[in-house]
Amino acid sequence: MNCLNVNTVDWGMNGTVPVCSVWIILFAPLVAAGLITVFTQRWKGLSAALSIAAIALGFVLSLRMFFLAHHGIWHQAHPIQWLAIGNVWIEIGMVTDSLALLMLLVVTGVGLAIHVYSLGYMKGDPGFSRFFACMSLFTFSMLGIVLSSNFIQIFIFWELVGVSSYLLIGYWFERPSAAEAGKKAFLVNRIGDFGMMLGVLLLWQHTGTFNFAELPAKMAAIPPGTLGLIGALIFCGAIGKSAQFPLHVWLPDAMEGPTPVSALIHAATMVAAGVYMLCRVAFVIPGALTLIAWIGGITALMAATIAIAQNDIKRILAYSTLSQLGYMVMAVGLGGTTPAMFHLTTHAFFKALLFLGAGSVIMALHHEQDIWKMGGLWKKTPITFGTFLIGTLALAGVWPLSGFYSKDEILLLAFGENKPLFVVGVATALLTAYYMGRECFIVFFGKPRDHHAYDHAHESPAVMTLPLVFLAILSVIGGWGGYVPHFLDPHGEVPHAAWGWLLLVPPALGFLLAGMIYWKPVPSDAPVKAALGPVWTWVENKYYFDELYAWIVKYVQGTIAAACELFDRWVLQRLGIGSLAGTTSVAGKTLRLLQTGNIQSYAFLFGLGVTLIIYYVVVK
Amino acid sequence: MITLNHYLMVSGLLFALGIAGLVMRRNLLVIFMALEMNLNAANLALIAFSKFNKIVDGQVLVFFVIAIAAAEVAVGLAIIVALYRQKQTVTVTELNSLRL
Amino acid sequence: MSSYDILFWFFSLAMLLSGVLVIASRNPVTSAICLVALFVFMAGLFVLLEAFFLAAIQILVYAGAVMVLFLFVIMLLDLKASQRRRFGWLAAVGGLVVAGALVWELGIILQTPVTVAVSGQTEVGGGLEAVVKPLFANYMLPFQVTALLLLVAMIGVVLLSKKDLQ
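Protein chains in written order, with our numbering: chain A, 1 to 620; chain B, 621 to 720; chain C, 721 to 886.
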């Protein structure tokens with residue numbers, strides 16, 4: 001491997017950089033997962049330490065690579081030849097450009113905070129070691145996606161992420177709802193992955209390579225119609241993984257997993273993989289940009305409207321995640337990979353923060369998730385409240401927090417490219433502030449509704465609040481100075497408009513509206529219900545997507561399955577396999593008669609055989 | 621004048637006798653003797669060919685056949701004895717436990 | 721008719737007669753004694769073919785060692801009950817059919833003289849030296865393997881004769 005011939009780079013200051021550090025970043029979590037599974041299941045503390053050490057190592061090495069890159073020194077890892085079938089070459093390579101580096105930092109940094117937080121959150125859980133093993137496995141898979149240099153490799157890790165997220169969502173598998181949610185996430189993801197696989201194969205058919213580095217030069221050879229199809233098919237993968245309309249249904253259910261999992265997978269990393277993949281292969285999708293932009297816009301608005309009527313503290317955040325992912329996908333569709341990645345980064349900070357904050361609230365109330373049973377918690381859990389508030393403001397896009405800058409870039413981009421989508425984006429921004437305001441006011445202000453729970457509420461231990469503070473700081477400063485977009489694209493134009501500050505109006509309006517309705521000692525949904533009428537029912541039931549899919553599965557897929565079953569049972573099993581087996585059986589029973597067990601008859605047949613052979617060979 | 625054909629005829633007749641004994645007899649020991657006759661028939665043919673072809677290799681081969689036949693007889697008889705201990709018989713019509 | 725011819729016919733006919741007696745006699749002991757006779761006459765044929773060394777081996781190994789083994793085993797098993805059994809008619813017919821078919825084929829094959837591809841050598845001796853020399857040259861490896869085989873057979877026999885063999 002690369003580590004054996006340590007290529008060194010002299011970067012002028014003190015010493016050298018072994019190129020293999022990127023391999024260590026990738027494989028340290030896998031090693032940790034393996035060690036925990038095989039050896040240290042019994043020692044919970046050691047398991048957690050291994051897992052945290054692996055991701056901390058990754059974080060430190062990523063930071064170092066980042067600073068080196070800042071000095072103009074980029075890692076170049078040599079790919080490993082993995083498979084050669086005919087003229088198909090598949091390699092395992094490591095991409096370490098600015099895009100990958102940024103994503104590395106996000107995954108390892110946010111991941112580290114979440115790992116540490118899990119120490120407190122998962123305390124006393126019987127599957128503590130298994131939890132950390134799964135987390136490490138997930139980290140490995142996610143880093144694999146980030147570092148992949150070709151489509152085959154990214155697809156392998158893509159599926160690994162699917163598997164590990166299945167394990168994590170279904171972590172409390174003894175609860176039927178959690179097991180079902182894991183299954184649902186996996187199956188829905190598979191639909192998208194299948195499309196992606198078709199897209200990759202189609203792309204290979206036309207270009208003959210999977211490699212990201214070689215592909216851009218060969219894109220011209222593809223006819224425009226096919227190019228659109230390829231783009232749409234590959235986008236299918238992102239639809240599944242980033243939970244875009246119409247495959248968004250798995251993400252809210254995935255909240256059945258432990259809260260750190262929700263933070264890691266369903267806010268900061270896994271769902272971002274789709275967006276990251278689109279940015280990585282931006283050269284493949286020009287034929288499907290309009291589709292991508294509109295899917296993103298629809299998801300953003302739809303999810304935001306659903307979020308206003310949810311009652312579960314985590315589900316509101318889940319729909320908010322959907323909505324923000326819609327923003328990113330929309331940005332990709334409008335040709336702005338840099339704003340998309342910028343928003344991905346800031347979103348990872350503040351959404352992980354929000355999820356962890358929600359987890360802290362849930363812990364404080366002994367696993368109560370219904371917001372209507374909370375209230376007035378700001379006095380009891382000051383640190384959680386403070387950081388949650390920062391996350392809320394950042395998410396809503398309030399100056400000068402990070403969300404403002406990244407969302408601003410996307411909206412300005414939309415204004416320049418596509419006016420209808422700009423309107424969608426602004427509406428979503430308003431709704432975002434509104435539902436986050438609603439959640440904040442209900443959970444932390446007003447009178448406590450459930451006095452028993454309130455009296456026993458307590459602030460979380462330091463091991464949980466420290467990551468909150470860390471992420472809160474990142475959420476504040478993440479957008480300052482436009483550093484992230486500059487790092488991604490040093491020569492890119494950052495969209496600017498003199499009226500940019502006007503974009504503060506929608507969030508302000510949203511907060512105002514939420515405050516008018518919910519800033520009361522005993523808030524309630526009643527006024528909104530009355531105002532919206534039947535629309536509220538629709539929104540509360542998530543537009544009946546689950547029911548629709550259940551109907552499709554039950555009748556369409558069920559009919560097809562029944563037909564296939566009939567064909568299988570009567571044609572394949574009875575006619576095909578049955579006749580084959582029957583013939584063999586009858587032949588065997590007949591031939592068995594020859595085995596008399598009498599040595600004399602064997603000798604006779606043997607002699608007869610010899611004479612026959614002699615007859616045919618010599619006499620004839 | 622005795623030619624190769626004469627020797628081959630004797631060898632072939634002995635072989636046919638051996639086969640006949642193999643099929644007809646029920647006593648395992650006699651079957652075994654018939655087998656030895658077959659081997660001897662082959663030996664005779666080999667030596668005759670060696671003589672008339674003027675190649676010594678046939679005789680070397682017979683040497684090997686005799687050596688291996690000796691080993692075979694020893695093992696075969698030991699098996700028969702062991703079998704007799706188990707079944708109290710060496711009649712092949714009664715040794716049919718491989719039958720279904 | 722030369723003396724060689726007379727000897728050939730004598731040995732051949734005597735040997736075949738012994739063969740018939742081996743398979744026809746009811747008592748295994750008789751069969752074994754006839755087999756000894758067969759081996760001895762066969763050795764005579766070997767001498768006629770100038771394979772002196774092999775003739776000696778035939779007497780020593782077959783007529784001597786092997787047949788003694790046979791007789792020992794017959795004695796050991798004490799087969800009184802089985803010697804009274806008659807031929808099965810079906811088995812007799814089957815044996816005659818196979819043997820007859822072989823003889824018929826033999827007749828067809830031997831109608832024409834079997835051609836002999838004479839090799840370059842003038843004459844092959846049947847003495848000890850002529851047979852044994854190739855054993856230590858061309859046939860070195862098979863010779864060694866045969867030695868190993870005999871060893872294995874010996875161990876196998878010892879194992880098989882253990883009383884508590886399951």
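Just so you know, these hints were derived from the structure itself, not from any lab. These numbers were taken from a predicted model, which means no experiment stands behind them. Every residue, glycine too, gets a C-beta built ideally from N, C-alpha and C. There could be a bad hint or two in this list.
Below are the EDC-like pairs computed for lysine to aspartate or glutamate, each with C-alpha atoms no more than 20 Å apart in a straight line [what the hints assert, rightly or not]:
| no. | chain 1 | residue 1 | chain 2 | residue 2 |
| --- | --- | --- | --- | --- |
| 1 | A | K620 | C | E825 |
| 2 | A | K379 | A | D489 |
| 3 | B | K674 | C | E770 |
| 4 | A | K529 | A | D370 |
| 5 | A | K183 | A | D193 |
| 6 | A | K183 | A | E159 |
| 7 | A | K373 | A | E459 |
| 8 | C | K853 | B | E692 |
| 9 | A | K554 | A | E540 |
| 10 | C | K882 | B | D677 |
| 11 | A | K123 | A | D450 |
| 12 | B | K707 | C | D798 |
| 13 | B | K674 | C | E825 |
| 14 | A | K447 | A | E459 |
| 15 | A | K379 | A | E368 |
| 16 | A | K554 | A | E565 |
| 17 | A | K447 | A | D546 |
| 18 | A | K520 | A | E459 |
Which stretches of chain C does chain A cover? Using the computed rule of at least three CB atoms under 8 Å from a CB of chain A, they are [stated by the list, open to error]:
| no. | segment |
| --- | --- |
| 19 | 808-815 |
| 20 | 821-833 |
One side of the interface only, derived from the structure: several residues of chain A facing chain B at Cβ under 8 Å [what the hints assert, rightly or not]:
| no. | residue |
| --- | --- |
| 21 | A587 |
| 22 | T590 |
| 23 | L594 |
| 24 | G597 |
| 25 | N598 |
| 26 | F604 |
| 27 | G607 |
Would the hint on F604 of chain A stand, with a C-beta cut-off of 8 Å toward chain B? holds (5 Å)
So if I understand the rule, the pair passes when the alpha-carbon distance is 20 Å or less; does K379 of chain A with D489 of chain A pass? Measuring from Cα to Cα gives roughly 44 Å; hence the hint is violated.
Given G607 of chain A was flagged as interface, is its beta-carbon under 8 Å from a beta-carbon of chain B? The hint holds - G607 of chain A has a Cβ within 8 Å of chain B, the shortest such distance being about 5 Å.
Between the segment 821-833 of chain C and chain A, see if three or more residues pass the 8 Å beta-carbon test, and mark the coverage as holds or violated. holds (count 5)
With chain B as the partner, please determine if N598 of chain A meets the hint condition of a C-beta pair closer than 8 Å. Cβ of N598 of chain A sits 6 Å from chain B, so the hint holds.
Does the alpha-carbon distance linking K123 of chain A and D450 of chain A stay inside the 20 Å limit? violated (25 Å)
Is the hinted pair K620 of chain A and E825 of chain C satisfied, with a Cα-Cα distance of at most 20 Å? holds (10 Å)
Against chain B, with CB atoms and a cut of 8 Å, does the hint on G597 of chain A hold up? Cβ of G597 of chain A sits 3 Å from chain B, so the hint holds.
Starting from K379 of chain A, check that the Cα of E368 of chain A is at most 20 Å away, please. holds (18 Å)
For K183 of chain A and E159 of chain A, compute the direct alpha-carbon distance and say whether it is at most 20 Å. holds (14 Å)
Quickly compare the C-alpha distance for K520 of chain A and E459 of chain A to 20 Å and report which way the hint goes. violated (24 Å)
Is the Cα-Cα distance between K183 of chain A and D193 of chain A 20 Å or less? Holds - the C-alpha atoms of D193 of chain A and K183 of chain A are around 15 Å apart, at most 20 Å.
In this structure, the earlier hints numbered 2, 8, 9, 10, 11, 13, 17, 18, 21, 22 and 23 are contradicted, and the remaining ones agree with it.
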